[in-house]
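Engineer: These are the residues of each chain, in order.
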Amino acid sequence: MAGMYKSIKLYVFLMLMAAGPAMAGDVIVATGDDIVVYSQDIDVMKDVFIASGFETTPKEYINAMLKVRLFAKEAQALKLGDQLIADEAGAQPIQHEMTKDRLQKLLQLYGLYVNYIYDHYPISDAAIESYYLAFPEKTTRSGEASLDSDFFRQDTLDGEMKKMIRDRLLQNKKPGLLANEFKRLCEKYHVKVLSGY
Amino acid sequence: MIAKKIICFLAVIIVVFSSNISCALKNTSRPLVNTPNIIEWPDSQLKEMFKEYWSYRSRGDAINVLKLEAPYVKAMIDIERYSEFIEIGKKNKWNAVRIEKIEWVNQNLIMIGFTAEVKEEPVRAREVYYLDRWVLMNEKWYHAFDDPIINPDNDFGQNP
Numbered sequence: 445m446a447g448m449y450k451s452i453k454l455y456v457f458l459m460l461m462a463a464g465p466a467m468a469g470d471v472i473v474a475t476g477d478d479i480v481v482y483s484q485d486i487d488v489m490k491d492v493f494i495a496s497g498f499e500t501t502p503k504e505y506i507n508a509m510l511k512v513r514l515f516a517k518e519a520q521a522l523k524l525g526d527q528l529i530a531d532e533a534g535a536q537p538i539q540h541e542m543t544k545d546r547l548q549k550l551l552q553l554y555g556l557y558v559n560y561i562y563d564h565y566p567i568s569d570a571a572i573e574s575y576y577l578a579f580p581e582k583t584t585r586s587g588e589a590s591l592d593s594d595f596f597r598q599d600t601l602d603g604e605m606k607k608m609i610r611d612r613l614l615q616n617k618k619p620g621l622l623a624n625e626f627k628r629l630c631e632k633y634h635v636k637v638l639s640g641y
Numbered sequence: 346m347i348a349k350k351i352i353c354f355l356a357v358i359i360v361v362f363s364s365n366i367s368c369a370l371k372n373t374s375r376p377l378v379n380t381p382n383i384i385e386w387p388d389s390q391l392k393e394m395f396k397e398y399w400s401y402r403s404r405g406d407a408i409n410v411l412k413l414e415a416p417y418v419k420a421m422i423d424i425e426r427y428s429e430f431i432e433i434g435k436k437n438k439w440n441a442v443r444i445e446k447i448e449w450v451n452q453n454l455i456m457i458g459f460t461a462e463v464k465e466e467p468v469r470a471r472e473v474y475y476l477d478r479w480v481l482m483n484e485k486w487y488h489a490f491d492d493p494i495i496n497p498d499n500d501f502g503q504n505p
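These protein sequences, in sequence, are chains W and U.
Sequential numbering from 445 applies to the first sequence in this note's numbering.
Sequential numbering from 346 applies to the second sequence in this note's numbering.
Pulled out of the complex, with its shape left as it was, chain W reads as follows (with noise of 0.2 Å):
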């Protein structure tokens, strides 16, 4: 069973090396599981990033690309998104390709995972009391940012309010989140970064 494994894995791989550099100076920079990214891979997430007004450098491009890959795969696993976006991006690791259509659908799949993990992550009621009670000049719902409010809060910690407070606790959080999810998938699915860009 091992050894079948292996030669599917080498079958696809040969396919991989097979569909070859459809471009002179296309090169692989990474790989991973079921994971190829080309040099004209990061050409596209460069020219997006570029009309975006956001220039870096080769090696974030490159984590920029893997990171979309992974999150996208992860959406995938999890049956995020529309499952017509997920064909579309999950056919990349097999036509090798990237299009800027096919990077916008990753993109979408990479946002869907970006809100689960954000969802998912572990904030008591505590926390999320204690931030109302700490700071009435931040959740009253006349959105005045004064103390001098009544000394028995009129408002109430509802649902609505709970979630921005959730939000606010999270935001300082949220780039570690990402990047400790990011290597933890570069574990997971073996990434290794071959040659530069």
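To be clear, the hints were calculated from the coordinates, so they are not data collected in a lab.
Just so we're clear, the structure is a prediction, and the values are computed from it rather than from any experiment.
You can take every hint at face value.
Calculated from the model, a selection of chain W residues having no Cβ within reach of chain U, i.e. all distances over 10 Å:
(1) Ile472
(2) Gln484
(3) Val492
(4) Gln548
(5) His564
(6) Glu631
(7) Val637
Restraint-style ranges between C-beta atoms, simulated for each label pair:
(8) U:Lys435 x W:Leu601: 35 to 43 Å
(9) U:Ser400 x W:Leu601: 27 to 35 Å
(10) U:Lys435 x W:Asp563: 35 to 43 Å
(11) W:Lys523 x U:Glu448: 50 to 58 Å
(12) W:Asp470 x U:Lys412: 54 to 62 Å
(13) U:Thr460 x W:His564: 41 to 49 Å
(14) W:Asp477 x U:Glu429: 32 to 40 Å
(15) U:Lys446 x W:Val637: 57 to 65 Å
(16) W:Asp526 x U:Glu448: 51 to 59 Å
(17) U:Glu429 x W:Lys523: 35 to 43 Å
Covered, in the sense of this in silico footprint (three residues per stretch, anywhere, with C-beta under 8 Å from a C-beta of chain W), are these stretches of chain U:
(18) 419-429
(19) 474-488
Every residue, glycine too, gets a C-beta built ideally from N, C-alpha and C.
Fit chain U to the supplied structure of chain W, relying on the hints for placement.
Structural biologist: Below, chain U without anything else, positioned relative to chain W:
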């Protein structure tokens, strides 16, 4: 010879006496540790928690300080950044704390204003005013670490 002995004796007397004077001056120049006759604590638990919290805080003991923070603090902070901030206290020497005011904001929140005489080596001692926030939840007082310190750019709740 006798004159020399008298001069030496007088010199010793002067030195001892002057050192006593300087000690006395130092003692009287120290600010009061508290002003219990003026400030009335709304409950003894808050007073104890306040003293405990600032005792740890002035020593830069981040682990024990965090235990006395409100639950939201533990949920939202970056522990390394928080510890670095609290451990700054180790560099300073707190000579005295003077409570200036204790005010209820609402039934669950109290603000305590106090002045601390803090000595930052090698700079001479200076007085620092703190406005401290304490929250009452389930009949227990917690220190409410100020949110803007955790995230100065926060605009949460300003435009709900």
